[in-house]
Amino acid sequence: MISFIIRRIGYGIVVLVLVVLIISSIIFLAPVDPAQLTFGQRADIETMEAKKADLGLDQPLYVQLGMYLRDVSPIAVLKDTPENLAKYSYLKLIPLGQKVLVVKWPYLRESFQTGRRVSDVLREAIPLTLILALSSILLATLIGITLGVIAALKQHSIFDNIAMVVSVMGFSLPSYVAAMILALVFGFFLYNYTGLNVQGSLIVLDDFGDKKYVWKNLLLPTIALGIRPVAIITQLTRSAMLDVLSSDYIRTAKAKGLSEKKVIFKHALRNAMNPVATAISGWFAALLAGAFFVENVFNYQGLGLVTVNALLTFDIPLVLGAVLFTAAIFVLINILVDVLYAFLDPRVSVGA
Amino acid sequence: MSEKLLEVKNLKTVFATEDGTVVAVNDISFSLNRGETLGIVGESGSGKSVTSLSIIRLIANPPGKIVSGEIIYYPKDKPPVDLLKIPEKDMQKYRGNDIAMIFQEPMTSLNPVFKCGDQVAEAILLHQHKNKKQAKEQTIALFEKVKLANPGRVFDSYPHQISGGQKQRVMIAMALSCNPDILIADEPTTALDVTVQKTILDLLNELQEEMDAAQIFITHDLGVVAEIADHVIVMFKGKIVESGTVHEIFTKPKHPYTKGLLACRPNLERKVKHLPTVSDFMDFTQNKNGEFDITAKSTPFIENAGNEFTKEEIKARYDFLYQQTPMLKVENLSTRFPMKKNLFGKPTQYLHAVDDVSFVVFPGETLGLVGESGCGKTTLGRSILRLATPFKGKVIFEGKDLLQLSNQEMRALRKDIQIIFQDPYSSLNPRMTIGNAIMEPMEVHKIHSSTKERKEKVIELLETVNLSADHFGRYPHEFSGGQRQRICIARALSLNPRFLICDESVSALDVSVQAQVLNLLTELRAKFNFTYIFISHDLSVVKHICDRMIVMNKGKVEEIGYAEEIYQHPQKEYTKRLIASIPKGLKGNKRNV
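If you read the sequences in order, they're chains A and X. Quick note, the numbering used here runs 8 ahead of the 1-based positions in the first sequence. Quick note, the numbering used here runs 1133 ahead of the 1-based positions in the second sequence.
No lab work stands behind these hints: they were computed from the structure. Since the structure is predicted, the reported quantities are computational estimates derived from the model, not experimental observations. A couple of the hints might just be wrong.
[Stated by the list, open to error] The following label-pair restraints were derived from C-beta to C-beta distances:
{"id": "1", "chain 1": "A", "residue 1": "10", "chain 2": "X", "residue 2": "1471", "range": "49 to 59 Å"}
{"id": "2", "chain 1": "A", "residue 1": "166", "chain 2": "X", "residue 2": "1416", "range": "46 to 56 Å"}
{"id": "3", "chain 1": "X", "residue 1": "1215", "chain 2": "A", "residue 2": "198", "range": "53 to 63 Å"}
[Said to hold, decoys possible] Computed cross-link-like contacts, BS3-like style, restricted to lysine-lysine with a CA-CA straight-line distance of at most 25 Å:
{"id": "4", "chain 1": "A", "residue 1": "270", "chain 2": "X", "residue 2": "1263"}
{"id": "5", "chain 1": "A", "residue 1": "274", "chain 2": "X", "residue 2": "1218"}
{"id": "6", "chain 1": "X", "residue 1": "1385", "chain 2": "A", "residue 2": "269"}
{"id": "7", "chain 1": "X", "residue 1": "1385", "chain 2": "X", "residue 2": "1720"}
{"id": "8", "chain 1": "A", "residue 1": "162", "chain 2": "X", "residue 2": "1218"}
{"id": "9", "chain 1": "X", "residue 1": "1226", "chain 2": "A", "residue 2": "270"}
No residue lacks a Cβ here, since even glycine has one placed at the ideal position from N, Cα and C.
Go ahead and model the full structure; you've got the sequences and the hints to work with.
See below:
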């Protein structure tokens, strides 16, 4: 088990390094001048050149990539200078002559646009996205599993047929279309009844500049994001339940004299959860990566909106930071799901 | 007189299929007394399992439905009850409590995500007023009763952590947990090795004597039923064709179907040239009402002395076979599979499936390979063909070491050596007509120049395996299991091989169909001088068809020699145990005879 997790983390690191190399080489090759982006039109040549040297933009591409990798790696060899200490806030491990081996948090550099540290920008956006992702995946799981179980138990009934047609429709509905329809109907036409806003983030600044939580702003984005996962979870639960219900051990459970309810909820449901868990975790990771369109439609200040805005303004460090975070989330959730399988199904031996 | 426990009257169960309603159980009646074991015998499709599931009302609905009849249960000190007339809620009180069931597939009959002990304790908690601690104690006592070694550990094991035989013991413990009046065992030993089967049958016999209950024992295996039953019902296509005491059925069978079933099992005591089949005893046709009309046939050749091999005939064959130079030499062959891997994915522990095995095969002979599941016989067959990769040893086929050949050379040689697999259901592509399936290998190996010639060859092959030309354009699902296996044989023959490996090729078939396929293999051997390696777990089948046999155990060769020789004078302990485990028929029945 432990060696399995170590191996998976190893693979994960390889994946992350590849992600950094591929994304950053695309972006570093883009025809923009970050120095100019940072200072706008008014800077003089010397300042621009100094900034370029600071960012390593006068170096060849592979050196730039190496520098970025050094910045994001949690273990690195650095010159032990006060500037570096302020920049990376590292912990010294082993001194190596002039340089020193250190551990540190990944340093994601500073935004070209605002000059703020990327990690600070992300730290503000991620909790908002996390809450949104959690609430929509919870909603989707609850509704999806319930509908799927009922549809499986009443296979070929009217309920089953309607649930299947609706879920295919739900799955075919792009989330940004759903978002716009929801915003328009419930936030605009029916505003007098619902009191919901067309746009708005979870945290807004009030007139005095204080942060205020507006929980009702979570509702529409949650629904918009939840529609497709609900559809797929319903379908998967239904087919897995049908599979399990026709298995021999369900017949054994019935032959014991167990009631229908116990057979379904104790013996069948747990066995049907494996494919559903895969789908839920996949969607959750995708939602955490930022719901680009939906956050954009609702102007919800999460990771998706931050990433989209960064792309529009060529804010390269911010884009890289967001992509790296997304990739890390995927790797992490995949490892967690593999461990979860072992708990769901004792036959899964993660050692192999 | 004995006390009546269960009475089935005019039971009729139907299934809705795409082609209309199929009557699975057609108007059958029987009764069961306390202390009795009733055997229900029949082949697949006879309705024996549907009968048992109807009694406990576990027919999946839809598509199945009990349309008429009565199933009357006579509980002790209570008025009789018709199980078909009570609501489902009341039925749940009888299931598991008064009527318990053991199923065919111990591998899949236990829920994989719960511990074995909890699954048994669940039944106790459900029907008896006990707390969890008492239920656990009772479960462990039951595990001791069904002779599970280390009951405490089994209690905490998940089903995948214990063997098939142990799982079936857990199932028996579960069935016995509430002291049922009636125990229904549906093919409880079919999926198990013969040595495990013996221990389970002994256990059921013992428990029967101990308990004041009745058993319904459902099986396709006449040898088993002769050993365990008091009364026997023979079913054919949903009807009871004959019933009587076990003695009557086995010594004086009246119905041609019963006679056919009894005759078509390969007999261990004599070696016949042509196995009788059910169709030698009777013909049947479906009439307008969907019922089957049976006409008996006279069967002269069975008693005909010429059908049995004489000692001289056998000796002459051996003298001819074994003065030749061997066709295939297997030397120190070993195949292993990684069991555990270290941090870097490098295997640290291996399962030695085939461990240093050497033998030779002579042209025209049939070499049997017997052993229990997991003994490595299938891996050995696959290793010879390089379908599994051996890590050591040589496989010399007519002077060439198959393991040294390049993939291209091997591909050219594959047409000389063909394999016929166990499961005729999954080894044919469902979307390919059988004609094309048989033609495909010829196209791959570029045998015959034109499609027309190949088609002619396919038709010739279909006729060789007793099918006809108009089967060419049909799909596999239109054929029965026996027909499909013959199609697989035709496909193997399409490349004119000289060497055939039959991997459990008749194991999945009903006994009467098995007899047909065995006869076909024997005929082909005489016609084309084929050499066979015949892999099977069934010693009587191997003894019937093989000249020599190899007994395998744990990847190693235990014994090798003439089939009769090994059967009559086994040298090794393992072989002796294997032979002793074969059901003895009436001789083995401790209760009645």
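For this session: Take the C-alpha atoms of residue 162 of chain A and residue 1218 of chain X, compute the straight-line distance between them, and say whether it is at most 25 Å.
Result: Distance of about 24 Å is within 25 Å: holds.
For this session: Take a quick look at whether residue 1385 of chain X and residue 269 of chain A sit within 25 Å of each other, Cα to Cα.
Result: violated, 50 Å
Problem set entry | Pairwise hint evaluation, residue 1263 of chain X against residue 270 of chain A, where the allowed Cα distance is 25 Å at most | holds, 18 Å
Exercise. Given the proposed pairing of residue 1226 of chain X with residue 270 of chain A, does the C-alpha separation stay at or below 25 Å?
Worked result: The hint holds at about 14 Å.
Problem set entry | Distance restraint hint 49 to 59 Å, applied to the beta-carbon atoms of residue 10 of chain A and residue 1471 of chain X | Violated - the Cβ-Cβ distance for residue 10 of chain A and residue 1471 of chain X, about 19 Å, lies outside 49 to 59 Å.
For this session: Given the hint that residue 1385 of chain X pairs with residue 1720 of chain X, test it: the Cα-Cα distance must not exceed 25 Å.
Result: Within the cut-off at roughly 16 Å; holds.
Exercise. Lying within 53 to 63 Å: is that true of the beta-carbon distance residue 1215 of chain X to residue 198 of chain A?
Worked result: holds, 59 Å
For this session: Indicate whether the distance between the beta carbons of residue 166 of chain A and residue 1416 of chain X respects the range 46 to 56 Å.
Result: holds, 48 Å
Exercise. Can the restraint linking residue 274 of chain A and residue 1218 of chain X be considered satisfied, given a maximum Cα separation of 25 Å?
Worked result: Distance of about 28 Å is beyond 25 Å: violated.
In this structure, the hints that do not hold are numbers 1, 5 and 6, in rising order.
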